[in-house]
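Please construct the entire structure, taking both the sequences and the accompanying hints into account.
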Amino acid sequence: AQSVTQPDIHITVSEGASLELRCNYSYGATPYLFWYVQSPGQGLQLLLKYFSGDTLVQGIKGFEAEFKRSQSSFNLRKPSVHWSDAAEYFCAVAANTGNQFYFGTGTSLTVIP
Amino acid sequence: ETGVTQSPTHLIKTRGQQVTLRCSSQSGHNTVSWYQQALGQGPQFIFQYYREEENGRGNFPPRFSGLQFPNYSSELNVNALELDDSALYLCASSQGAYSGNTIYFGEGSWLTVV
Numbered sequence: 001a002q003s004v005t006q007p008d009i010h011i012t013v014s015e016g017a018s019l020e021l022r023c024n025y026s027y028g029a030t031p032y033l034f035w036y037v038q039s040p041g042q043g044l045q046l047l048l049k050y051f052s053g054d055t056l057v058q059g060i061k062g063f064e065a066e067f068k069r070s071q072s073s074f075n076l077r078k079p080s081v082h083w084s085d086a087a088e089y090f091c092a093v094a095a096n097t098g099n100q101f102y103f104g105t106g107t108s109l110t111v112i113p
Numbered sequence: 001e002t003g004v005t006q007s008p009t010h011l012i013k014t015r016g017q018q019v020t021l022r023c024s025s026q027s028g029h030n031t032v033s034w035y036q037q038a039l040g041q042g043p044q045f046i047f048q049y050y051r052e053e054e055n056g057r058g059n060f061p062p063r064f065s066g067l068q069f070p071n072y073s074s075e076l077n078v079n080a081l082e083l084d085d086s087a088l089y090l091c092a093s094s095q096g097a098y099s100g101n102t103i104y105f106g107e108g109s110w111l112t113v114v
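Residue numbers (the numbering used here), protein chains in the order written: chain P, 1 to 113; chain V, 1 to 114.
These aren't lab readings, by the way, just hints derived from the structure by calculation. Even for Gly, the Cβ is constructed at its ideal location relative to N, Cα and C. Check each hint, because a few of them may be wrong.
Computed Cβ-Cβ distance ranges for the label pairs, DEER-style [what the hints assert, rightly or not]:
no., chain 1, residue 1, chain 2, residue 2, range
1, V, LEU83, P, HIS10, 25 to 33 Å
2, V, THR14, P, ALA17, 46 to 54 Å
3, P, GLN58, V, ALA80, 24 to 32 Å
4, V, THR20, P, ASP54, 38 to 46 Å
5, P, ASP54, V, GLY40, 28 to 36 Å
6, V, THR20, P, SER14, 41 to 49 Å
7, V, LYS13, P, GLU20, 34 to 42 Å
8, V, GLY40, P, TRP83, 20 to 28 Å
9, V, TYR98, P, SER14, 35 to 43 Å
10, V, VAL114, P, GLN71, 40 to 48 Å
11, P, ARG77, V, PRO70, 43 to 51 Å
Partial chain V-side listing against chain P, Cβ under 8 Å, derived [claimed, not checked]:
no., residue
12, GLY3
13, THR5
14, ALA38
15, GLN48
16, GLY56
17, ASN59
18, GLN95
19, GLU107
The following block contains the structure:
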């Protein structure tokens, strides 16, 4: 069965600093991988997704993620964080033949001035 | 704005009662998925409806049921509410049931069971 682990429950970074959020997945084949962001009181917004091909994926709001099959990881990065990036971030995996997403427990990001 | 609207946004129910949550999918989308997000957790898949038929179900008991209408809007019904049902219920719509299709989430319905 698919599963996702986000080891960091909460991360605090200074505005302008770089960011990396970790995600490890469990799946037998090549999965579909996603990062979503959830602001307080809001639904989930898709940041980026990986299906196949280039392992470095560019998303919205300046985010990128790298798929590393050998490490079963799909870490999210941003070179320079803005105060508006403070939110909850969820990594998700889906089977490439399936129809449901499995989400991690999320990482809460705080940005300090 | 994703075009997915959910109602009500907040509600409080008593243990043992029944609740119906509603979702209007984005125009042109024929698939609706429902997720439960407990406080401090990631969303968990409840079930999916594709062209008015249930098309997959997560690990939720039968008292969680749903419907999809000809206009592809959807309802989630929960009977015999328990305290642990308190959560944010998210609806997501897509064009097609395949996980490779982009899904769009609504802002959710907050359910509190007391």
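Hints versus structure:
1. LEU83(V) x HIS10(P): 25 to 33 Å: This hint holds: roughly 26 Å between Cβ atoms.
2. THR14(V) x ALA17(P): 46 to 54 Å: Given a distance of about 47 Å, which is inside 46 to 54 Å, the answer is holds.
3. GLN58(P) x ALA80(V): 24 to 32 Å: 47 Å Cβ-Cβ, so the 24 to 32 Å window is violated.
4. THR20(V) x ASP54(P): 38 to 46 Å: For THR20(V) and ASP54(P) the Cβ distance comes to about 44 Å; the hint holds.
5. ASP54(P) x GLY40(V): 28 to 36 Å: holds (34 Å)
6. THR20(V) x SER14(P): 41 to 49 Å: Given range 41 to 49 Å: holds, Cβ gap about 46 Å.
7. LYS13(V) x GLU20(P): 34 to 42 Å: holds (41 Å)
8. GLY40(V) x TRP83(P): 20 to 28 Å: This hint holds: roughly 23 Å between Cβ atoms.
9. TYR98(V) x SER14(P): 35 to 43 Å: holds (41 Å)
10. VAL114(V) x GLN71(P): 40 to 48 Å: This hint holds: roughly 44 Å between Cβ atoms.
11. ARG77(P) x PRO70(V): 43 to 51 Å: holds (44 Å)
12. GLY3: For GLY3(V), the interface hint is violated, since the closest Cβ of chain P sits about 11 Å away, which is over 8 Å.
13. THR5: With a closest approach of 10 Å, the THR5(V) hint is violated.
14. ALA38: Where the cut-off is 8 Å and the nearest Cβ of chain P is about 10 Å from ALA38(V), the hint is violated.
15. GLN48: Since chain P brings a Cβ to about 6 Å from GLN48(V), closer than 8 Å, the hint holds.
16. GLY56: Holds - the Cβ of GLY56(V) comes within 8 Å of chain P, reaching about 5 Å at its closest.
17. ASN59: violated (10 Å)
18. GLN95: violated (13 Å)
19. GLU107: Hint on GLU107(V): holds, closest Cβ of chain P at ~4 Å, below 8 Å.
When the structure is compared with the earlier hints, violations turn up for hints 3, 12, 13, 14, 17 and 18 and for no others.
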